Amino acid sequence: MAADTDLLAPAFLQQLDRLRLAVRQQVAGRQAGERRSARRGNSVEFADFRSYTAGDDLRRIDWNAFARLDRLFLKLFLEEQETTLHLWLDASGSMDWNGKFALTQRLAAALGYLALTGFDRVEVGVLGEGGALFLGPLRGRAAVHRLLGFLAGLTAAGPADLTAGLQALTRRRLAPGVSVVISDFLQPLTLLDGLALLQAARQELTVLQVLAPDELAPELTGDLRLIDRETGAAREVSLTDPLLEAYHRRLEAHCGAIEGFCRGRGLGYARLPASLSVEDAVAGALREAGLVK
Amino acid sequence: MGLFTPWGLAASAALPVILVLWLLRRRRQDQPVSSTFLWEQVLEETRANAPWQRLRRHLLLYLQLLTALAIALALAQPYLRAAGAGGGHLVILLDLSGSMQAKSAAGPTRFALAKEEARRLIDGLGPRDRATLVGLGPVPRVVAAGGDRAALRSALEDLAPGNSGADLGQGLSLVASLQKENPGLRAVVLTDGGLPAPAGETAAEIRVLGEPAPNLAVEHLQVERGQALARVGLGTGAGAPFTVELYADGRLVGSRAGSVSPAARTAELLWQQVPAAEVYEARLVGKGDALAADDIARTVVIGESRLRALLVSEGNVFLERALRLRPGLELVQAKPGAYAPGDYQLYIFDGWLPPQLPQAALMLVAPPAGGLFPLGDLAAVGNVEAVPGSLAAGLPVDDVHVARARTLSSPLPWASPILVAGDQPLVLGGNWEGRPAVLTTFSLQESDLPLRVAFPVLMQQLLAELAPAAPAPAQVTAGSPVPLHLAPLTTRASVKAPDGRSVPVALPAGPFSETEQLGIYQVVEERPAGSLHSAFAVNFPTRTESGGPQAGGTLAPAGPAPQVVGTEPLRGNRPLWPWLALGAAAVMLTEWWVYSRGR
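Residue numbers (the working numbering), protein chains in the order written: chain A, 1 to 293; chain B, 1 to 599.
Just so you know, the hints here were simulated from the structure itself, not pulled from any lab data.
Any given hint could be a false lead.
Derived DEER-like restraints, expressed as beta-carbon distance ranges [unchecked claim]: (1) Tyr595/B <-> Thr231/A: 30 to 38 angstroms; (2) Tyr595/B <-> Asp193/A: 39 to 47 angstroms; (3) Glu45/B <-> Gly131/A: 28 to 36 angstroms.
Remember, predicted model here, so these are calculated numbers, not experimental data.
We put the beta carbon where it would ideally sit given N, CA and C, even for glycine.
Work out the full structure: start from the sequences and follow the hints.
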């Protein structure tokens, strides 16, 4: 169990301060980078300024601030800014393997930190042995500590049906926002239905598949009795080269199916080996997936 | 297909052991994985796709079983009967009869051809083949056996044809006995064909070598009473003119020319007034004769019936004449005063006895009274009768009268009566102190026996008893045993062969059989009175070995037809175990390959 301070190194926090959670354009027609409020006619509460970056809507520029400070700022309104980041974490037994869950925790911590420091709300749902565990909604910088403490205290164990979990999640009324599902997705492809449900619940969904290096390229040999860590079931295999090749094919097929599903629906997808450091993951894969910028 | 060592199959007990070990092998190692979700799918897929994948699980097992089976089979040493395979056994029988000395038209003798063929057969032996070399003489002899080709070749070089015949029947029975032990045995008889055909089936291959070549032979030589008769026979070929030279004791005494026509096949030549000699030789002089050994025939005339006798008498014409009737008798006469014992086989003492009787056959005619024999006074004698069962039985003695004869005071235990007159014995004969002896109790001058026809007959009978003629034949064919009739008192005897070698004869003498050499054999007998010489001649067996219709005929075996010279691969047993061992090694290599591929 990692201490909350161990989850994110201070140097990384500095790095994270320079990033922010990104929300992709989901429907054609919306301008990039702008978040539209779903509610019209409500009072627009001024919340904060944001530095102007190329591409932002010129109408939002606060000319008063420009006149005063000679720098371009955008006015941010509360409703626009308030996005909920839902983190759905797979804490089944298969995640407790070779650093997968550690990376999951770190990714969740990083994303949560990004959201909280960006004035977004964060909700965490953990699908594990005893059902789902929830945290949140959290808001504001002060909640970072709580978030990290919660994440650090998580353990992955026991069987968990991701599909059922996702379905249960969507039965709760979810605030529209960004959802990130972090799992190894070593479950039947019915989980894609769960993902579809999530997307239907007005979530901008990003799928992060974390796989251990020995899951990506097993180095097993001989006649073995494989014990499933999650279920405890055993399977006798005689590992031959053709069998390993078949495994790779199966892995590719499975992950490819998930990836294809995501791409087809415009969902973000990233496959992360558990050996990857969270810094590299955030800077690389998550940025590519359009989750951070 | 057979198994040399069937017990090797017991090694196949390893197969169930391997199976049991395979089944009991330690359980698979437990390997925890994060999830068997994908593995399940993979296994489902492979199970559906390739049934032989399941076989691959057990492929190593099958290969191990196969290896063990191959090794077990290899240990059982199966063999296949195949041509060209090693391990065969060849028996080479070489005809050593006299006809093998014949030269073929090309030059080498038939035996040289046979030797060449045998050499070829020996060279053709495989590294695992064995051969037995048998010389077919009058008695088949195993000359060499084994797998050492050099030893076989050197034994082959030492072989030479003899002058007598070859016993093929015995040779083939030797082959049959060898074949009982070794069913794969192969036998080849190398001959020129002049052997009597064997009875029944033979399992030997008979190769006839050589071609018929013109041959004349001196088939017979006979010398009698100054006449010499030689018979020349045509062995093979067309008739050719020839010349026969006659030698007496090494001196040429005559020659005759002649010719033999194929129709007549023999020609006879006669010489008259041939000087007396001991050894006569007839030599054929001619060109283009294939066989030289049958061109000489010898005969020994005097010797077997030569008898040296000493007649000690004041003068007895009848006795002398009767004695001289015996052929071969050398009669020496002496008066009693001039008596001196010498080298005589027979002493005839007429009315006189020497102080010491010599050790020889004795004829005592009217010995005086007193002395060694219990002879009494002269007395009148009645009718003369021959004692039935004696050597005088059947002789006409009715008209024989004897005036006076001495009586015997006591019967002679060593003599049995031959002629008697009533109770009074007239002529007795027997063995006195180791000598054959005949005693007459009457003087021939006091009887008319010498004038009767019974007298010479009786004398011959008595002489035959006293000095039996040794009927050693004058001539025999090579290889035949010669009965040696040695003189009764011989203490040591030896036979000198034509090559000078002296062979001692063990007494009592049986037939002398070392007659392979052609020529004159001298018989020397040592006796107390001196040594005795006789001789006999050994000639080539022209009847069987010189070819021609008199020869035993060409061989017509009941088995496969004889083949002319040519080598055939030996049929032996080809062992299969090297292949099986190779197979086992190959399977093990495959096993290793499968095993490493699975890694």
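Evaluated hints:
no., hint, result
1, Tyr595/B <-> Thr231/A: 30 to 38 angstroms, "32 angstroms, holds"
2, Tyr595/B <-> Asp193/A: 39 to 47 angstroms, "45 angstroms, holds"
3, Glu45/B <-> Gly131/A: 28 to 36 angstroms, "33 angstroms, holds"
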